[in-house]
Amino acid sequence: MNRYVELKNHQREIYYFRLRLVLSLGFVVVMLVILLLRFFYLQVIRHDYFHTMADSNRIYVVPIVPNRGLILDRNGVVMAQNYSGYTLEIAPGKVADMDGLIAELSKLVEITPKDIKRFQKLLTERQTLETMPIRSQLSDEEVARVSAQQYRFPGVEVKARLFREYPFTDMTSHLIGYVGRINQNDIDQLDEDDVASNYLGSDYIGKTGIEQSYEKDLHGKTGFEQVEVDAGGRAVRVLSRTAPQSGSNLMLTLDAKLQEVAVKAFGEYRGALVAIDPTNGEVLAFVSKPGYDPGLFIDGIDTETWDELNNSPDTPLNNRALRGQYPPGSTIKPFMALAGLFYGTRSPTHAISDPGYYMLPGSRHQYRDWKAGGHGAVDMFKSIVISCDTYYYGLATEMGIDNMHSYLSRFGFGQKTGLDMEGEVSGLLPSPEWKSKRYQQIWYPGDTVSAGIGQGYNLVTPLQLAYATAILANDGVAFQPHLIREKRPAGGGAVMTEPKQMFDLKIDPENLKLVKSAMEAVTKPGGTAAVASYGATYRIAGKTGTAQVIAIKQGEKYDAKKVSEYNRDHAWFIAFAPADKPRIAMAVLVENGGHGGTTAAPIARKVMDYYLLGKIPQPLPVVTGKTGDQSD
Amino acid sequence: MNARQLKQRMMMNIDPVLLAALGGFALVSLVLLYSASDGNLMRVLAQLGNIVVAFTAMWIVANMPLHYLMRAAFPIYVLGMILLLLVMTPLGVNSHGATRWLNIGVATIQPSELMKLAVPLMMAWYFEKDEATLKLRNYFVAAILLLLPVALIAKQPDLGTAILIGASGFYVLFLAGLSWRIMIGSALAAAASAPFLWSALHDYQRHRILMLLDPSQDALGKGYHTIQGMIAVGSGGILGKGYLNGTQTHLDFLPERTTDFIFAVWSEEFGLIGNLLLLGLYVFVIGRGFIITANASTYFTRLMAGSITLTFFTYAFVNMGMVSGILPVVGVPLPLISYGGTSMLTLMLGFGILMNIQTNKKLVKT
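First to last, the sequence lines map onto chains A and B. The numbering used here puts the first residue of the first sequence at 1, with every later residue one more than the last. The numbering used here puts the first residue of the second sequence at 633, with every later residue one more than the last.
Hints may contain errors.
[Unchecked claim] Taking beta-carbon pairs under 7 angstroms as the criterion, some of the chain B residues facing chain A (in silico):
| # | residue |
| --- | --- |
| 1 | A926 |
| 2 | R934 |
| 3 | M952 |
Bear in mind the hints are in silico, worked out from the structure with no lab data behind them. C-beta: ideal position from N, C-alpha, C; glycine also.
Please construct the entire structure, taking both the sequences and the accompanying hints into account.
This is the structure:
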């Protein structure tokens, strides 16, 4: 019906239509160019960026934690090892209702209130996305039970891990130390040392003792696996792998059985014992009693147990051998005697007449000998055998504090021994300079008198005294005390620790002979430690000592029975044997043990008997040395 | 009738050039889907089924007398509108926060798909009817015919389909000679009303637009699609990572990789070179569409062919633009390649109409 109209406008309409079509075409072309530019921008200009993005999407670097090195004694007895076990772990970040979850989990496995407390403490220490153990050492049955129900508990995992185990527990707690979970302080320290990347994936780090001091050797080198993951984070395949390198096994200079003998010899006493091979500085026994179970600390200790340990009057956490500082008492006398001979203050034969006390010239104050009434005529030999105080009061005064300080320093008093364990303290060898700096007071002649018998300001650690004894035993030739005999890297081979001679005091052999023979007489009838060498088949040299815990007033008499147990005197005994060719030197401290000859000397004797004769005082349980897994 | 005659008869109304290009798309679709679905042959076979159905539908429409289509325009449109309204009743099926489907007992259908062809068909028919005496009023009525279904679909909400139908209708208006004054005026009005439109958008739509501006601000949430798509495209580089080697694709980082984001798979595995080839294929089909449009003999066929061609281009542009991060993620599949029967069917019906128009031009000539 409108055909004629169409005919009329046909050409014009076609023209307009085609114009619009061409415009549309232009629009299409412009849009296509935009797309092309966009593709060019993404795929050429920014390709590197997106390529990296795609790789970081898909490639995860997963650390492979190396196996920690074992700690063995000098004979290969295992003192710290790894075993694999299962832990029940919770990722706090994925759990909304922690209490509810724990309550549910307790229905499957036993979770004690202690476990919960320990776990809660862990939570406060490190707020991360990683999982935290709530129960360790799950049985196979418990693992099966949790695994079957795992879908109910998002954020809960059963993990197979290597655990640290210390077969000697409290016998070596202060020596071996323990590992614990890495906390924020550790992380800061690792960052500072620039080794944080080596700890990716590691849960534990050495906290005390050998575990801490040799952390670098024990930890090993973390390996890495590059894995391709999908969007869900599941590993699809391994792209590359750098194997981890296990930590070195450490062989200690220590003899585990000797340590055990020593610990047991203490019985119920608290105290410390350090035994050193004087010919090379190897530490043979390193005891601090009481110890504690280092296993408590591995996955974090609960507050209750911590308080119990920390507040105990027996201070089990205190490493007495390394950090305990006590007056050396009469154990200083052999060294004083050598000093007197060195400076010519006393000749060997010069004898004093001991009335039972000493008075400074121009003073009425009496410095009492331990024996009322005195010992009569006392020469140097006798002064050591009977431990005559009066003799040393006079010797110290005549020698003078400066000479005394100078000579005793040579034996390492007042300085750290440099033992390869962190946390050593230096003790105190007093001098006028020290006193004026410390107390802004002048040095009184009386200070010298009490310093002469190892009281007053003098403080030594058991380690220091053992070191000084070793130097004396080895005729003045000092070897660096050390705990590691050999490092055995995972790759094979062994690095022995070469004995390091520190110095040679070049002591006059005649002087040495006198002092050493006097010390030998100490352990014989008539000496202060007469019981020490009773029935011994080798020669023992020693010296007793007493460290006062409370000061006794002038004119009063110390009576052990009247003093409460913790205020009783500490007993010292230093010794070396065989006296003619010493192979072991030691210092024994028995806290509140009273007299050294009675309590400390028998301990030393048991240790020497075992070391020199292989004599075991009582049957020892055999410790089976499970070896840790050292593959990779 | 021997085989040759049968073939001649079968191909009588089929444009061989267009058919060859569409066959190319079908091949690309199957090959790419195999990779995108991680070697899932069932998926590929299902798509092959979709392709067979769609090509058959195309053949039927291409062989249908053209006036059937014109006559059907109005009833189909009315039916489509009724169905769109029914979606809003309890008969509508809600899924993922959008009500786009209709439960008709035996199956669920998506009425908006029907409207993709019904709207331009209706408008072209309407313009053809009043061709002789086109007045401003006609454009106004045509605009209403367009905006009613677009509004209903946008409300479902289905922004992608609404945009595509809006575009297909706009192309009809544009090709029908809508005056520049009105177009510019409405564009200004639209710009002025943008704030109101913004407030009418659904939250998720707003988020998608905001994410376009800075997808990284919610990398694991709303921006995830865009970012992963861009990473896939960008990491493909010039040569691509190779067939079946796309890491974004095969490690599940790409979302919706068999459907809306399949272009990212192509881009990652075949790179810029692949993109140029694929764009070339699209340009070829669109070019053929332009030629058919230019040669179309009647007002109706011209509008229809132009709209189908331009809409097809729009489809491709919106999808690639969204995958490469220059357009918001609105949920438009890559035409003729993404997995899915409905979209394939609608598109091939359109190409059937295009072929039909091409044949009709021939008939007029002879």
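Quick rundown of the hints versus the structure:
1. A926: holds, 6 angstroms
2. R934: holds, 6 angstroms
3. M952: holds, 6 angstroms
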